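2 protein chains.
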Amino acid sequence: MDYPLPLVTVDAVLLTLRAGALEIALHQRDRAPFKNAMALPGGVVHADEDDHTEASIRRVLREKTGFEPRYLEQLQVFSGKDRDPRQWSLSVSYVALVPAAELEAASQAGFPGFQGFRFVSVDALPPLAFDHASIVTAAVARLRNKSSYSTLPFFLLPERFTLTELQHTYEAILQTRLEKSNFRRKMDAWGVLEDTGEQVGGAQRPARLYRLKDFTLFDRSVG
Amino acid sequence: MDYPLPLVTVDAVLLTLRAGALEIALHQRDRAPFKNAMALPGGVVHADEDDHTEASIRRVLREKTGFEPRYLEQLQVFSGKDRDPRQWSLSVSYVALVPAAELEAASQAGFPGFQGFRFVSVDALPPLAFDHASIVTAAVARLRNKSSYSTLPFFLLPERFTLTELQHTYEAILQTRLEKSNFRRKMDAWGVLEDTGEQVGGAQRPARLYRLKDFTLFDRSVG
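For the record, the sequence lines run as chains H and C. If you use numbering that gives the first Met the number 0, the first sequence corresponds to residues 0 to 222, in order. If you use numbering that gives the first Met the number 0, the second sequence corresponds to residues 0 to 222, in order.
The set of hints was computed from the structure by calculation and includes no laboratory data. Since the structure is predicted, the reported quantities are computational estimates derived from the model, not experimental observations. Please note that a few of the clues may not be correct.
Pairs involving identical chains hold if they fit within one copy or between any two copies, as the list cannot separate such chains.
Using 30 Å as the maximum straight-line C-alpha spacing, the simulated DSSO-like pairs for lysine-lysine come out as follows [stated by the list, open to error]:
| # | residue 1 | residue 2 |
| --- | --- | --- |
| 1 | 34 | 185 |
| 2 | 185 | 145 |
| 3 | 145 | 212 |
| 4 | 212 | 179 |
| 5 | 185 | 80 |
| 6 | 145 | 179 |
| 7 | 145 | 34 |
| 8 | 212 | 185 |
| 9 | 34 | 179 |
| 10 | 34 | 80 |
| 11 | 34 | 212 |
| 12 | 179 | 80 |
| 13 | 80 | 212 |
Using the sequences and the hints given, assemble the complete structure.
Right, here's the structure in full:
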């Protein structure tokens, strides 16, 4: 081999939705390069141990946050000689979606890693280490784009939810107000919702609880 | 570093459309592993020389085929310990689109690399080296999916084309017949076509030649 091998890392944009705002998990780096800067959860691929890069990012998230995201999607590669002062490096980046309620539960269960993480609104990010700001921009664009024609937003909701909660989630991601009856007609047409038979809100303003029929991504643009 | 560094490669699915069939460029490997098997054009990232992996694949395509594709898009990473018998490896794969007429011209101009390549229909592929069959499947799915809402198919056409050629290109990619007046209405609504003022076909059945107004990807799903 005539050329040095690149450093291969994985990074995740762990997204959640809290009080109508998209937030991501960041931690403060405790060593160079970019010591003290905020950064995405990530780490080096352990060749011979990780089966593939998806296994690498799952291991890193488990080790650093104690957490297994229900939804994980490969985003894209960021690479080059300038992004890490140490050497030519490559990051395989991922988008992970987590309901805020699951994060609360994990935090209360005392997952050690999560102590080091802060959730920050994507609209108020501090300067980030490496090219992590570009990774976050790409991740948010992917989520917003894909949400317009798929059930991706469901992965930011608890397992059971009201139609109003569902609509507010789509509105927060798409950054637009949706017309209630159109929205409900679209969900009916997709045929992805299942009525749980349960209700919330008491006798005065009861609201039915729904769940996603099949917890795989429904993508209207495919097939 | 406690772990060996992965081998980092780039591979391209160079797609063209000929006689209504999607075809990809393949060459026969002249060394192990997978000696004599057909494979995608690809190569190892030259860290310290390539600015990033997109520069790597452009260099590889230039060296192996003499060709600069007008459209190049990062597809996804394929990685793992089993895909290459030599070591844990990672391929950043790309989709490249090339009009058949440009390939003809390149071939006649005698680009040395292209002698070694064959264009094979994606519906009649031989067994491929490594996990290249999976890369091709992902590339064709990406092209088909994205073509339903974007101007991606234009990159398989010559610079000037008739509306019938444009419709046949969409039909070949989407594997469906499109209704002529609906198709033309959609293209009008997109506002991406420019009348060149030229015609083909003689006085009996003249057809106007169009071109794409702005040769960047128009993606209806974004913005």
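My question is about residue 34 and residue 179: at a cut-off of 30 Å on alpha-carbon distance, are they close within one copy, between copies, both, or neither?
Answer is neither: 47 Å inside a copy and 60 Å across each miss the 30 Å cutoff.
If the cutoff is 30 Å on CA atoms, where do residue 34 and residue 185 land: within, between, both or neither? Let me know, please.
Cα proximity of residue 34 and residue 185: none, with 48 Å in one copy and 52 Å across.
Identical-chain pair category, residue 145 with residue 34, by Cα at 30 Å:
Neither: 34 Å inside a copy, 40 Å across copies.
Taking 30 Å as the upper bound on the Cα-Cα distance, should residue 212 and residue 179 be classified as within, between, both, or neither?
For residue 212 and residue 179, the Cα distance is within 30 Å only inside one copy (21 Å; across copies 38 Å).
Homomeric proximity label, residue 179 with residue 80: Cα distance no greater than 30 Å
neither (49 Å within a copy, 49 Å between copies)
Status of residue 179 relative to residue 145 across identical chains (alpha carbons, at most 30 Å):
both (20 Å within a copy, 29 Å between copies)
From the Cα coordinates, with 30 Å as the cut-off, is the pair residue 185 and residue 80 best called within, between, both, or neither?
neither (46 Å within a copy, 43 Å between copies)
Using 30 Å as the alpha-carbon threshold, which applies to residue 212 and residue 185: within, between, both, or neither?
The answer is within: 15 Å in one copy meets 30 Å, while 34 Å across copies does not.
Within, between, both or neither: residue 34, residue 212 at alpha-carbon 30 Å
Classified as neither; 45 Å inside a copy, 47 Å across copies.
Is it within a copy, between copies, both, or neither that the alpha carbon of residue 34 lies no farther than 30 Å from that of residue 80?
within (19 Å within a copy, 32 Å between copies)
30 Å Cα threshold - placement of residue 212 relative to residue 80:
neither (46 Å within a copy, 35 Å between copies)
Intra- versus inter-subunit Cα pairing at 30 Å for residue 145 with residue 212:
both (19 Å within a copy, 26 Å between copies)
Going down the numbered hints, you'll see the structure goes against 1, 5, 7, 9, 11, 12, 13, while the others check out.
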